Amino acid sequence: MSFETAQIDDLVSLERGEIDRRIYTDRAIFELEMERIFARSWLFLCHDSQIREPGDFFQAVMGRDNVLVVRQKDGSIKAMLNTCAHRGNAVCRAEEGNAKSFLCTYHGWSYGIDGRLNGVPGLNTFYKGELDKSRHGLTQVAQVGNYRGFIFGTHDASAPPLEEFLGTTGRLGLDTIALRGEMEVVPGIQKFVIECNWKIAVDNLFDWYHPQITHASAFLPSVLPSTSMREQKAAEKIDLNGVTMQSGAGLDLPGNGIIGSKFDQVVVLGEYGHAIGGPTTSSSGFFEFDPSWRETPRAKAALGSVGCKVGGHPNIFPTTWATAALPQLSLRIPRDPTHTEIWWFTLVDRNLPRETRDFMVTTACRIFGPAGVLEQDDGENWAQATAQTRGIASRRMKHLLNMGLGRGQIIKEGGLARIEGLTSEYGQLWTYYSWAQWMKGLSWNELKKATTPGDCI
Amino acid sequence: MSNESQFVTHDERIAAMLLHYEVERFYYDEAALLDSHRYDEWLALFSYDAHYFMPIRRTRTQREMDKEFTKPGEMAFFNDDKMLLAGRVAKLKTGRSWAEDPPSRTRHLITNVRIVKDDGRTLEVESNFHVYRTRLNSEETSWIGSRRDLLRRADGSFQVADRKIFLEQTVLLSRNLSNFF
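Residue numbers (this note's numbering), protein chains in the order written: chain A, 66 to 522; chain B, 2 to 182.
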């Protein structure tokens, strides 16, 4: 298929709340995503604390480019493609570590930690001294930015600066982690593969309709730790309206916290496709381990009068989920149309007492990641939702994101565009709508304009 | 090699063989419980203070192999006490644990059992495993790795007081870890 603007508009209908299922499996669409989204957008690389010393490196992924993020001797950070300028071999094969140089094991070209080409075997004998080493260093990522310790890169030299790209919505999302203290990443990035399209993994982070069923087995006192959320008296149960199990019995759900309850939610829609969706900080569905940081003057000033009410899940378009609950950051890295790598970074305030830190680390392992009591059941749904788009007849059906469609009044205040109400699908819909704008290959100005929220969704 | 030379007398050799036999039988029984989904009985094999830990493994250079695995206090795939293990079992029995309903078919193969330390009360035992899983019609997972257990002698058998599980994977090549090792 070709990709005229009109055809891309057909793939995502903001008016009908419908998504063409081909976007989850089509190889040509995936290739276009690599070019028009992942080769242009700012993408999260790693956190400042992971590479403290000169020569410390972390291997990140931008689209399908493997990137070495390296701390320099002067304290700055460089990000460069992990591919030798000679014949393309990787110059580093470790996921992380400390390096004094990067050596290509094919012919021995060696690079400094700044990417400069230092050594070429036989430079005089074979190349007769005619090879200009200054022209063959490792390719630097076009732009590298650091927002409060979160390091991002973009392949596009013409992309707006990181802070501008993040905008108020993206910055708010990262602030909910960054402002909790002197944050550092706990050693050990959980990485695993789910056989799903990356967009299905991304849109799920806005989905507060699924926990009550998907995670029904996790809401047992012995499984999820005691929290203030659980101690709250059972919130109003949602209307199950005659839903029955396969056995024919009525579906009976536990009533605490985010499961089987309804609570006030707020969805924030941002430029370039960023969004935040979930409970307000005053609702019964809000859970954050020790939210006292929100009362600090620094946090109050940064969050603002609207931001301080936002307690949901932020996504920095396209693939960076910053969840403040513990807090953690999750990347959904596309590998091919039907395979997505999930990477979990867990952050703690380095000044926390040992016991508190241990509790947070243990809780992070328990909830998310492949063995996490919540996440182990997610993969099942996402993989099947992807697999069932392969059949010709199944593919003709649309994915539905029409909950509350047309009723989402957008309130603009404090630099944020928000919609208030109960559970909705506005966050997902905004993500897909913005995805379509990116896929048109617009200029940065046009893209910003196209992804500026209107009055209603 | 390791322990053989210590057992100079015939009786000592026989005692070592018997102990080895007991440990192997313990592991085979444990594997049978898991593969037949008898999770309550499996749980009873763990001491009240058990720690169940699967670190994250990272591809590192030879020079940094001491940092290959994460350590307790750092992130892990499993970092469970007995209460959470019990919670996982309770979760499986809710009838709503979708990753295991329909249940996975698993086979736990335990080999290369080595008793590396024995202080009379507690044994330190290393073993290799191959956990094979199929799900639904076409999903197939193979996990190979090693375990390092502390087995506490109790009532003529053993209790697992500590289990460390080392997978031969860095990026986990499966969508979840909804089974036990």
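Keep in mind that the hints are not guaranteed to be accurate.
Claimed, not checked - Listed next, the in silico EDC-like pairs over lysine to aspartate or glutamate satisfying Cα-Cα at most 20 Å (straight line):
1) B:LYS165 with A:GLU249
2) B:LYS68 with A:GLU420
3) A:LYS514 with A:ASP91
4) A:LYS463 with A:ASP272
5) B:LYS72 with A:GLU249
6) B:LYS118 with B:ASP41
7) B:LYS72 with A:GLU160
8) B:LYS72 with A:ASP272
9) A:LYS165 with B:ASP67
10) B:LYS68 with A:ASP130
11) A:LYS165 with B:GLU69
12) B:LYS72 with A:ASP91
13) B:LYS83 with A:GLU260
14) A:LYS505 with A:GLU80
15) A:LYS463 with A:ASP91
16) A:LYS514 with A:GLU249
17) B:LYS72 with A:GLU420
18) B:LYS68 with A:ASP91
19) B:LYS83 with A:GLU420
20) B:LYS68 with A:GLU249
To be verified - So the derived list for chain A, only partly shown, Cβ under 7 Å to chain B, looks like this:
21) GLY162
22) SER166
23) PRO186
24) PHE257
25) VAL288
26) ALA436
I should point out that these hints are in silico values taken from the structure, not numbers from a laboratory. None of these values were measured; they are calculated from a predicted model. We treat Cβ as the ideally placed atom computed from N, Cα and C, and that holds for glycine.
Hint check against the structure, violated hint numbers in rising order: The structure breaks hints 1, 2, 3, 6, 8, 10, 12, 13, 16, 18, 22 and 23; every other hint is satisfied.
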